[in-house]
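**Q** With these hints in hand, go ahead and build the complete structure from the sequences.
So for the sequence shown, this note's numbering puts the first residue at 124; every next one is plus one.
No lab work stands behind these hints, which were simulated from the structure alone. Being a predicted model, the structure only gives us computed values, none of them experimental. Be aware that a few hints might be false.
Listed next, with one range per pair, are the computed distances between beta-carbon atoms [what the hints assert, rightly or not]:
id, residue 1, residue 2, range
1, 336, 384, 29 to 37 angstroms
2, 169, 322, 37 to 45 angstroms
3, 356, 144, 25 to 33 angstroms
Every residue, glycine too, gets a C-beta built ideally from N, C-alpha and C.
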Amino acid sequence: MDSKNALGEFLRARRERVRPEDVGLSGGGLRRVPGLRREEVALLAGISSDYYLRLEQGRDRNPSVQVLEALARVLRLDASATAHLLSLAQPERPAVSRRRARRPEAVPASVRELLDTWSGHPAYVQNRFTDCLAANALCTALSPNYTPGVNLLRAVFLDPAEHELRRDWDELTAEGVATLRGHIGPDVDDPRLVELVGELSVRSDRFRYLWSRHEVRPMLGRTSLLSHPLVGDFELRSNKFEIPGTDALSLVVFHAEPGSRSAELLGLLGSLTASGAPPWREDSRTASGAPPWQEDSHATSGTPPRQEDSRATSGAPPEQEDSRAATGTPPRQEDSHATSGAPPEQEDSRAATGETPPEETLRAARSEPSHRDHRQDERRDERRNASAQSPRLGDARAPAGGEAPPRGTPPERDETARRDEDR
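**A** Here you go:
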């Protein structure tokens, strides 16, 4: 990034993006450069080729407004890009005067109070370099990068968790770079910008490509497609408002369409945030590469691994077993529907709400053996009788109707019978 020739860089980058047929010219055989030639731009803009060459090379940096408007028409610039071109051609101000003209980046107290009152809407404040300066709790629950001190553009390009969160990552990165360039204007030599652009250009091919395009686009509002680790996929709209009396600080507010599924999921995320449940983990993905809400289901379901493994032997259908992990209720407590006297719908509602069953039901469930226990006792006695009649170790005789096991191999025994005998 040549801070001394921002105008020339912009003209060259936008010239390379215009095809000859876009401005009524023929392709004209083999071209060694993409886009229009300098001579073609000068001809269409009504200026000399030498003068346009001086503009691109930075030897003339203060063209007239009429020349700039003609170049904007030839290069097919929209209103935002045209305004950016005009700002680049303004007389350069000394760095000292630019620093003196800057106002402090402190977030006004009234804006902070406004953030806290919007408990149902994620909202944050950023500066023109996309540094997060303030955010409410729901916004931080949406993404941990909405934390004061985090550069949001850097997080989008370099944080894998942020990439996973954004289903519209390609569109977001393109809009973010174009918005940053529009906010900066002619101040391309700002030390903060030079540091940020330098780091991202080295570490991200995607950023380097987007920055070289010199796209300028305001981002006053957009629709974000999110894939949150707790509540799943949903969409949020956002609007950005400039904060008067500050140095280009802006307030960004997210909201969901009323009555939509996204509004329900946003409300669920707000409930989790209000209850103090951590919406994110620092390690967003496990060693196996699976999302944590799939790999570490024990942590979110409240069910120990042994209870999770008991699903295969509990005899309940997969849907019922999965509901146990979601409610955090152990298998034995779920199976107590048959002995508690309450219908399954009532028992499931207790598990979902955390309501404790009546004391007499608990005492009955603890003291009275269930029919399942009687069947287990009968099967245990049968296994013991069968085990007493089985051949001894090393006996070459096979039981009736089967082959003899290999010498030195103990006959197989059911795991349940072995645990019962150990008792």
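**Q** Give a verdict on every hint.
**A** Results of checking the hints against the structure:
| no. | hint | in the structure |
| --- | --- | --- |
| 1 | 336 / 384: 29 to 37 angstroms | holds (36 angstroms) |
| 2 | 169 / 322: 37 to 45 angstroms | holds (42 angstroms) |
| 3 | 356 / 144: 25 to 33 angstroms | violated (41 angstroms) |
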